[in-house]
Structures are given as structure tokens and as C-alpha cells.
Amino acid sequence: MYPAPMETWKPQSRTLYKISVIVVLLLWLLPLIIIMLASFMTADQLNTGGRGLNLPNPFSIEGYRTAFTNQDFMASFMNSFLVVIPVTAISVCLATMAGYGLSKYRFRGQILIFAIFVGGNFVPFQILMVPVLRLTQDLGIYNTRWALILFHGAFQTGFCVFFMRNFIAQLPSELIEAARVEGANEWQIFRRIVLPLVVPAMSALAVLIFTFVWNDFFWSLVLTPASPEGMLAPAGLNNIIKGRFYNAWNVLAAGSLLVALPPVLMFFVLQKQFIAGLTLGANKG
Amino acid sequence: MSRAYRLAPWLFLAPAAIYFFSLVIYPIFGSFWVSFHDWDGTTFQCSDGRTLQELAEDESCRRVPLMTWVGLENYERFFDKTPRDAGRIAEYWSGVFAGESPRWPRLSVETKVVLNNIKWLVLFPLAIPIGLAFALFLNQTSVWIRATKSMFFFPFVLSPAVIGFVFQYFYDPSGPLEGIYDLLGWDSGVIGDQTRATYGIIVAGWYPQIAYCMIIYLAGLTAIEPEQIEAARLDGARRWKLLRRIILPQLWPATFVALVVTTIGALRSFDLVQVMTIGGPGRGSSDVLARYMYQKTLFDQDYGYGATLAVILFLIMLVFIAVFIRQMVQQED
Chain A
1 MYPAPMETWK
11 PQSRTLYKIS
21 VIVVLLLWLL
31 PLIIIMLASF
41 MTADQLNTGG
51 RGLNLPNPFS
61 IEGYRTAFTN
71 QDFMASFMNS
81 FLVVIPVTAI
91 SVCLATMAGY
101 GLSKYRFRGQ
111 ILIFAIFVGG
121 NFVPFQILMV
131 PVLRLTQDLG
141 IYNTRWALIL
151 FHGAFQTGFC
161 VFFMRNFIAQ
171 LPSELIEAAR
181 VEGANEWQIF
191 RRIVLPLVVP
201 AMSALAVLIF
211 TFVWNDFFWS
221 LVLTPASPEG
231 MLAPAGLNNI
241 IKGRFYNAWN
251 VLAAGSLLVA
261 LPPVLMFFVL
271 QKQFIAGLTL
281 GANKG
Chain B
1001 MSRAYRLAPW
1011 LFLAPAAIYF
1021 FSLVIYPIFG
1031 SFWVSFHDWD
1041 GTTFQCSDGR
1051 TLQELAEDES
1061 CRRVPLMTWV
1071 GLENYERFFD
1081 KTPRDAGRIA
1091 EYWSGVFAGE
1101 SPRWPRLSVE
1111 TKVVLNNIKW
1121 LVLFPLAIPI
1131 GLAFALFLNQ
1141 TSVWIRATKS
1151 MFFFPFVLSP
1161 AVIGFVFQYF
1171 YDPSGPLEGI
1181 YDLLGWDSGV
1191 IGDQTRATYG
1201 IIVAGWYPQI
1211 AYCMIIYLAG
1221 LTAIEPEQIE
1231 AARLDGARRW
1241 KLLRRIILPQ
1251 LWPATFVALV
1261 VTTIGALRSF
1271 DLVQVMTIGG
1281 PGRGSSDVLA
1291 RYMYQKTLFD
1301 QDYGYGATLA
1311 VILFLIMLVF
1321 IAVFIRQMVQ
1331 QED
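Chains A and B, in that order, are what the protein sequence lines are.
Just so you know, we're using the numbering used here here: the first sequence kicks off at 1 and counts up by one.
Just so you know, we're using the numbering used here here: the second sequence kicks off at 1001 and counts up by one.
Each statement offered as a hint is correct.
Derived pair list, reagent style DSSO-like, types lysine-lysine, alpha-carbon separation capped at 30 Å: (1) A/242 / B/1296; (2) B/1081 / B/1119; (3) A/10 / B/1241.
Since the hints were made in silico from the structure, they are not lab data.
No experiment lies behind these values; they were computed from the predicted model shown.
Could you build all of it, start to finish, from the sequences and the hints given here?
In C-alpha cells:
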């Protein structure tokens, strides 16, 4: 292990290390601690200049109440689930099939197709903006959640194919060959042999996609600018803060924490899947 | 091989490929096409060439954009002021080297945007060494440190828009940094000042990115074989030497992924700028291509020029995408 394990250190170094970890952690979390404190302050306290590292005085949930009772913000918050869940399901399922097709068969153009999937992941959203916007207008889904579902489903499918193809490629091919020799057809092989083996990868992927899509801001601004019940929570928050609650710091603070909550909860509950998903491919050759 | 075997991969691939190609790959060409035109985003004609006014009252048709072909005009517009601005910047620096204290010249928005993109490209990747430092700092195995690692990491799952709000508050001139601002004489804080805004936004961008790089490196450190480290230790390699000779080379795959993701992230920066400064203060002082394009297209209704900005951004990114894909394909062989 590098650096040397703590157990081998001198006792003083160990104590020093523990203290420094706590200090660094507090500094690291400082912006979040400050925003958390602000979320429990009254508008009065914040506007009279108490925007530093102060305790809420009086303690107030005014900011949360304002955010919760704002219909537009709440609509976008609830809508986020209605967008994120189908997008996650669509992209993970399509990509599992595609990843299998790309990794366990040999055919011409295979690498090229995979490369396009991977490359597509990295294109700037802006190069897609006008055509995708036009497409949703033609389809009559502009300013509805369907526009976001349609686009995010496609875009995330690209990332999922990248992920799934690399995961399935690592699975031993012997099982598949054996099943084929025994007369299983191609769909049965996928359904009975491959699918059970990739369930852990699918769940890791689902956690990641949930977070990525939940956090989207750009596409809500582009595809659902006038529809609070169609856009996602970060854009909903932006709307109220840049609009009616301009300079209402406690609403900004409380709203930010509310928007952050679902992915943060998800991360702390499903940490293992999350990190497994994120680091796949980062440490193999 | 049987027909079923030859057909199967295409069937498995088809739904994802058709969906992805039609919404993510095909539109790229659409933007190229629009970039050679002038279009306000609201003028349409019928697909058969008639104008909308010519339609009978109860008649409808498939509407297509009514765009004017302008060739490379939009691109010329983008680079129009580049020579002039380059001259001014050169003049500024020659002044600086001559020991004078010249004023930073007035530049066109396009030049400012490109310079800001360069600042992002250069400074944003500093998240990588910082993330590595965090990973080395925290690479221990006790239970409490494992909990600490997730506290260090979780800013990564925050929405960039939320990070933007958090730092907007953090940077507020009468916020927690007020004392420091007083000391430095920074009356308008960080993001309220034309020369500092971009740097302030980049630092906010580091926050989740450092967390990401840290986690990539922690996974990389775990994957290094302990025997190798022990062997190097027996050979007398310690601390820096061990890090430089053994650990860093072993971490190359992690570094590569961090580099790609961070570089692409630097060029993609939209959310933070939009939330924290909307490109300002003033015209374009903290703007970047990704955001300026959005503004030009949807607010100034200059779709052709917006598409041109997107194409320029895309071509810059294509360099990095190509490097990544080449490396990946080489690994396959």
C-alpha cells in the first residue's frame, strides 16, 4: 500500500494525521456548511449582512417553506423523477443488449460502431442544440417532459453502451459457447446466461445515470424553458432564484440543498455501486 | 457460422444504435448545415417550397426553416476581430516587458470568450494533481477514514447548477469571504469583477472535479499490487522516489481517464457560468463558447452564428475525442 499504512506509523504521526484529516475535511466542506447554515436563516438576518460563518439566529425554516410551497419549483422537482426514471430504464436496457452485441460477437465495423458510441459521449451539447430543438418542435413535444426523455434517453444510451460493452467483454466466453453448443438460440443465451451476470453492472449504471440526468441543467433551459412541469429541478430552482426570489438567499440555500438531496441520498445508500460504476475502466490497462 | 449468429449482433445493436445515432450523431451534421446559413429561428416555409402565406386557409404543410445561404460568412464574422485583438494583446505584453504598465486592451466578445476557454483548458486540469494529493492523503483503510472518503467525494454528485449557487453565495462580497476581500481591497468580490470572474468560476468547477479525480486515483491506488510496492521498498525506494518511479507510472490509466474527462469538462463548462455570472460582468468577461453559443442562438436569435460557435467548439473538442478514441482502440488490439 502507498502511502504506508497508518498502523505502521509512529503514534504521534497517527494523531497528527487524524487531526489534519478532520481539519482538511471541514475546510473542504466549508462552502456546503455555510450554505446549510444559510438555509436556516431568516431573510432579515441574511440581508443585514450576516452572510458569513454565522449561526442562524433565529433558527428558521422560512427558506424551505418558500421553496416547498412554490408551485413551479415543486412541479419541476417532482417532474425530475418522471424524467429520470424512464431515461434510466431505457438507456440501461438498450445498452445492455447493444453492449452484448458489440462484445461477444465478431463482425465488420464493430470497433467503428463502438468508437462512434464512445465519441458521441464527448461531443459538446451545443453542437446538438439547434437540430434537437427543431426536432422536438416538429414532434410537438417542445416544452414538455417528453422532449427531455427523448434526448436524455438517447444521450445516456451512448454512455451506457460504453460501460456495458467493457463490462460484458470481461465476462468469460466459455459459458456462452457452451450454451450455444447445447442448442440455445442467441436470444436465450442473452436472456438466460448473460443477463443474470450483468445485473450488478446494470444497477451500478442505473445509479450513475440517475445522478447524471437529475443534475442536467442545459437541456431543461433549451427544451423546456417555458414549462415548469416539464423541466428538471436545477432549472426550476434557477427560474425562481433569477425571478421572483431574486436575492432571497435563504431560498437559494434551501432550494440548492433540496435539489442536491436525491442524488446525495442515493450516493450514500448505494455508494458501492456508484463508485464501482464510476471507476470501471479507470484502472485497467 | 450460422445465419442466426451473423444476424444476432445487429439485432442486439439496432435499437440503441438507431436511437443514439439519430439523436446524437445525426444532429451534428445538422448544426454544420445551419452554420452556413443566416436564420432567425422563427421563419419557416413549406417543405414543397411555398411560403406559409400561400397556403389556403384550411391547408397545412410540413414546415421547414427558411434560411439564407451565406457560405462561410458566419465563420468570417467569428474571426473578423482576431487579428486586431491579437495585435492589441501583443502590444499590451510588449508594453509590460518594456517596463510600462499598460492597460489591458478592449477586446471583442469573441476574443474574450476564446481566451476564457483557454483559461479553463489550462487551469481546470489542476483538479487532477489536487485530486491525486487528496487520494494519497486519504489512502488508508480504517473504518472512519472510509466514511471520511465519502464525505470528500460526495460533492461530485451535486448538480453543477447547485455548485454554482453554493459558490455564488460563498463568493458574495458581504459573505463569508468578506474579511479576505477587505484585506485585498476586492470590493466587488470574485465573480463580480471582470478580471477575476473566470478564475472564480473555475475554482467552483474544481470542487466536484477534484472529488472525481480523487476517487479515480483511490481506485487506481487500490489496484496496484502490494508486492510491487514492497519490492520497491526493499530496494530502498521511499516517499517521493517511490511515488515517482513506481506509483505514478502504475496510475497512468487513472491519469489518462482523469485527463480526458477533465479536459472535455473544461470545454463543456456551461452550467456554472450560466448560474454564476451569465457570462458577465459586462460583455463576455467570463463567457465561454458553450454559453455564448446558447445566448447567441436563443436570445439574439442568431441561429446561424450560434451554430457556427457550436461547430468551432466541436472541432476543438474533436481533437481530444480523437486522442481518447485512438488510445482506446489501440488497447483493443
